[in-house]
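Modelling step: build the complete structure from the supplied sequences, incorporating the hints.
Residue numbers in the sequence shown follow my numbering, run continuously in steps of one, and reach 330 at the last position.
What the hints contain is simulated information worked out from the structure, not anything from laboratory work.
There's no promise every hint is true.
Unchecked claim - Computed cross-link-like contacts, BS3-like style, restricted to lysine-lysine with a CA-CA straight-line distance of at most 27 Å:
(1) K330 x K217
(2) K268 x K92
(3) K330 x K264
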Amino acid sequence: MMKKNVALVAGGFTGEAVVSLRSAAQVEESLSKAPYQVYKIILEKDKWYYQAADGTVTFVDKNDFSIHVNGEKITFDCAFIIIHGEPGEDGKLQGYFDLIGLPYTSCDTTTSAITMNKAYSKAIVRDVDELFTAQSIQLFGMDEYNQDRIKAKLKLPLFIKPNNGGSSIGMSKVNDWADLDEAVKKAFAEGSEVLIEEFVSGREFTVGIYKEKGEIKVLPITEIKTQKEFFDFEAKYTDGITEEITPAEIDVSVKDRVSRIVSKAYQKLNCKGMVRIDFILESKQQDFYFIEINTIPGQSANSIIPQQVRATGQSMQDFYSLLIEEALAK
Numbered sequence: 001m002m003k004k005n006v007a008l009v010a011g012g013f014t015g016e017a018v019v020s021l022r023s024a025a026q027v028e029e030s031l032s033k034a035p036y037q038v039y040k041i042i043l044e045k046d047k048w049y050y051q052a053a054d055g056t057v058t059f060v061d062k063n064d065f066s067i068h069v070n071g072e073k074i075t076f077d078c079a080f081i082i083i084h085g086e087p088g089e090d091g092k093l094q095g096y097f098d099l100i101g102l103p104y105t106s107c108d109t110t111t112s113a114i115t116m117n118k119a120y121s122k123a124i125v126r127d128v129d130e131l132f133t134a135q136s137i138q139l140f141g142m143d144e145y146n147q148d149r150i151k152a153k154l155k156l157p158l159f160i161k162p163n164n165g166g167s168s169i170g171m172s173k174v175n176d177w178a179d180l181d182e183a184v185k186k187a188f189a190e191g192s193e194v195l196i197e198e199f200v201s202g203r204e205f206t207v208g209i210y211k212e213k214g215e216i217k218v219l220p221i222t223e224i225k226t227q228k229e230f231f232d233f234e235a236k237y238t239d240g241i242t243e244e245i246t247p248a249e250i251d252v253s254v255k256d257r258v259s260r261i262v263s264k265a266y267q268k269l270n271c272k273g274m275v276r277i278d279f280i281l282e283s284k285q286q287d288f289y290f291i292e293i294n295t296i297p298g299q300s301a302n303s304i305i306p307q308q309v310r311a312t313g314q315s316m317q318d319f320y321s322l323l324i325e326e327a328l329a330k
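This is the structure in structure tokens:
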């Protein structure tokens, strides 16, 4: 049987490219014995290319996303997108693949674009049963920033974060109004929109969701415990700062409720492939507060989704193969 050609698309146009390459290494290693011929395609702003094992670099023909290897033209049956941020998580790459008719493993163009915007995502899932969202204000420019208006609507502590970014860069927690100006400027330095939202006290969790043969599946839940005041970029990617407990130590009834809520959110946002939803269980009522959704979760060996997959007893090869077959079946 002829192996199917899979483009493992990594890199990207943001500082998260280095994280993407780590994720790609894990996926590539896991698929090394699968029934696919995997080609790692690196996307940078000024070039898209494939680098062979001998170091030979071949540039991608963007007319049909093909490459030439040893005199042979290689086209692809599927793209496994593992770019965090632009252009792999914000819908741009998905739109391009739709135009040339290439199946891919992630959410579609519309869902990817919407979920990169934290405020828009929250607005869509807000009417999901049993799901809560923190009070917030969205700013579309520094000229909209008015501390008196924020004080009138929101109460401290506050989280300030870039609204349309894929990571936690530029994020701050504000406990004193005197620190708000600097936090807003820091967030605007990373993007054109800023989200200001009230802090919700509780335990922080994250959970992966995917589809198998059209059925929504929920992975084991992970609890996030960090030594920092909140789970920012440093806490995510610095060893020893954060403890990730998989599966989380919570009651079965809570697990069932979370599974029900995140499945509805996955469906509401018209997700496809593998996503991860971050949430807080509020301290007093144990209400589920939606934080954000990540449509291209990290896949390095110690990333959360691989932890959750391993907790089910699945191999990463089988899991990634399932995502590819789901994409091919669309």
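Hints broken by the structure, by number, lowest first? none
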